[in-house]
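Asker: Residue strings, one per chain:
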Amino acid sequence: MIDQAPILIIVVPLMCAFLTPILGQLNKKLCYFWVVSALTASVVFSVITLQVVLKSGAIHYYLGNWAPPWGIEYVIDHLNALMLVLVSSVALLVAIYSKKSVEQEVSGKTAFYTVFLLQVVGFLGIVITGDLFNLYVFLEIASLAGYGLIAAGEKGALIASFRYIIMGTVGACFYLLGVGYLYMVTGSLNIADLANILPDLYSSKVVLVAFAFFMVGIAIKMALFPLHVWLPDAYTRAPSSASALLAPLMTKVSIYVMIRIIFTVFKPCFSIETLPVAKIMVWVGIAAIIAGAIMALAQTDFKRMLCYIIVAEVGYMVGGIGLANPIAIKGAILHLLNDAVMTLGLFLVAGIITYKLKSHTLSDFHACFRKIPLTMIAFVIFALSIIGVPPTGGFFSKWYLIQGAVIAQNWSFVVVLLGSSLINVILFFRIIEIGYVFHDSDQNHSHGEKKITINEAPFSMLVPTLTVAISIILIGIYNQEIVKNIIQFAVPEL
Amino acid sequence: MKLISLVIVLITGAILIYGTMDMPDWGDPDSPASLHVSPRYITKTLEETATPNMVTSVLADYRGYDTLGETTVIFTAGMVCILLLRSLGGKISKLDT
Amino acid sequence: MFDFIVSKYNYWMYIVLMMIGFYAMIGKNNLVKKIIGMNIFQTAIILFFVSIACKKGGATLPIIKHAHGAEHAIKVSHYLNPLPHVLMLTAIVVMVATLGVAIAIIIKIYREYGTLEENEILRKLK
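Protein sequences appear in the order of chains A, B and C. The first sequence stops at residue 494 when you use my numbering, and every number in between is there. The second sequence stops at residue 97 when you use my numbering, and every number in between is there. The third sequence stops at residue 126 when you use my numbering, and every number in between is there.
If you are wondering where the hints come from, they were derived from the structure by calculation, not from laboratory data. Treat the hints with care, since some could be wrong.
Claimed, not checked - Which residues of chain C face chain A? A partial, calculated answer using Cβ under 8 Å: (1) K34; (2) I40; (3) Q42; (4) F48; (5) I52; (6) C54; (7) A102; (8) I105; (9) I121.
From a predicted model like this one, the values you see are computed outputs, not experimental measurements. All C-beta atoms, glycine included, are put in the ideal place defined by N, C-alpha and C.
Assemble the whole structure, with the sequences as input and the hints as a guide.
Answerer: In structure tokens:
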């Protein structure tokens, strides 16, 4: 059983996804429990895999027992295993959370849950695989499911989803072209095999172009600054449980792919030393942070503001990778973990507010602290983490990033990082202030004081939100252990 | 907008054509793609999979997992269409809302 | 020089095709034209991949002749490279699936807005 754990992470939700429509025909209510139990199994297997990896190093799993360059293999090392646990547990929390909001926002419940599971399968498949073409197939599963989940949202979701299809397909096609160019000069699709063959070909123009196309394709998928235009519309209009699944994971999984391509497929000596990629990445990261922060300030819609914060956070991670020293990359990977948890939390809060108030504009936050106190406590924790206040996780990853930037002597990155933290303070304290306004200023005395009663979110929504809030503090407290035991080994040798 | 798109397209095309300069010639039997992984598919297909059609043996056996992914893609697309279109009802136009 | 052009021109043709599709995807205003562009782009990539598989000098379809008959040595140079064909079977399916999803969304957009011009839809959305 433990030998088979890596494949079961994927196969269990995949097979459950195939069966969900049949189950939905019998009883629609069963779908929810079915999805939750499938994802629970996935979490269990990914935790087992992580433990095996921690104990005995990287796992190689040959699908169909064909040896690597001929067949497809799964390679799970420390970075992979961490991502698997992250993706599956985020998906499980969102699945638990989704019960009420799906009932309210989405009409086809069975189809929604099937697509939801397939989305998770896509993410897991991207993360686990050791084969470039297999990665493309799962990238497309994740993208297609994402288009569907977004299009199921509120007014304007359709056109947002359509634009995402166009951008996303361009990204996927560029990635496929990159695979084609590499295949042409190497004859292999396996990542480890390519890493062995490629050093002899680093001067080839084909390899250079392939690298560029990989980078641009993945940058579209991760919404890196000039290519982020699809993201804010798509995630704002998507149903809240869909955006809570997509927003933390799609960008992070793409960043994982980027790390793999820069450091595993190509060696750092190619991607960092011979090409100016690292410098470009730092400057694009800086631009993304500035643009994201400024655009976030201009928004009046809560979810839209969060979307621009994601754009800025992507800038942190890409910049951190671009700084290209072990501490900054450690920081970037820790931030990958933190940011997935933080954005998940914020989107869960946004979902609760949408569920309770039927709207997600900022001005509707009046008296939220009295209406939904527990949710707002969780919200404050996430806000502190995004700003970077200890002991929440956000502080420590920013600390590593700043340390890395100081070592690389890139002062502009330090300044931008600190500046965007200040902007985050403004962003979130503005919301907290609105939340503390207990009187409705328009109708204050004439109608008498309207009593605001506690009207907390349903149990199934509150529990995941609070769990995420606790886990972001725990990640902060145990960040040393996480870095020492897992991330340490995930950092490539430079 | 059209001009910007045209410039982007031309740049992309130029980069792609720049990449073809170092490519092996078209139809070269000694290109890396023909020499590295694929020979096993050609020479061993009868022995290892008992299938004379190599495309079938690679599709369903050596890289069968990709094919599972492929069917999943189709299934995903189908479910997305059901998710989007089933609740349409009869209303054709609600322009003013 | 002439040899160089002859050995590369088919890649250039696919790139030209790709760029026609790419231009339609990002430059056109009509949603259906965008999708047609997407299809051209993906089809050109498929042609590109399949052309990798080609081997000159008498190579034939990747199906073994007389498989059940007399034993004879199978030479690599006698058959085309089967791997790109397999990859493209998968890519074709992906292409069709993307097309299906995109058209489903277009149908819904048309029912909701009554038009398929992007700027008109954005105007109606405001």
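Asker: Each hint should be assessed against the structure and marked as holding or not.
Answerer: Here is how each hint holds up against the structure:
1. K34: Cβ of C/K34 sits 6 Å from chain A, so the hint holds.
2. I40: violated, 11 Å
3. Q42: With a minimum Cβ separation of about 6 Å from chain A (threshold 8 Å), the hint on C/Q42 holds.
4. F48: The hint holds - C/F48 has a Cβ within 8 Å of chain A, the shortest such distance being about 6 Å.
5. I52: Cβ of C/I52 sits 5 Å from chain A, so the hint holds.
6. C54: violated, 12 Å
7. A102: holds, 5 Å
8. I105: holds, 5 Å
9. I121: Holds. Min distance 5 Å.
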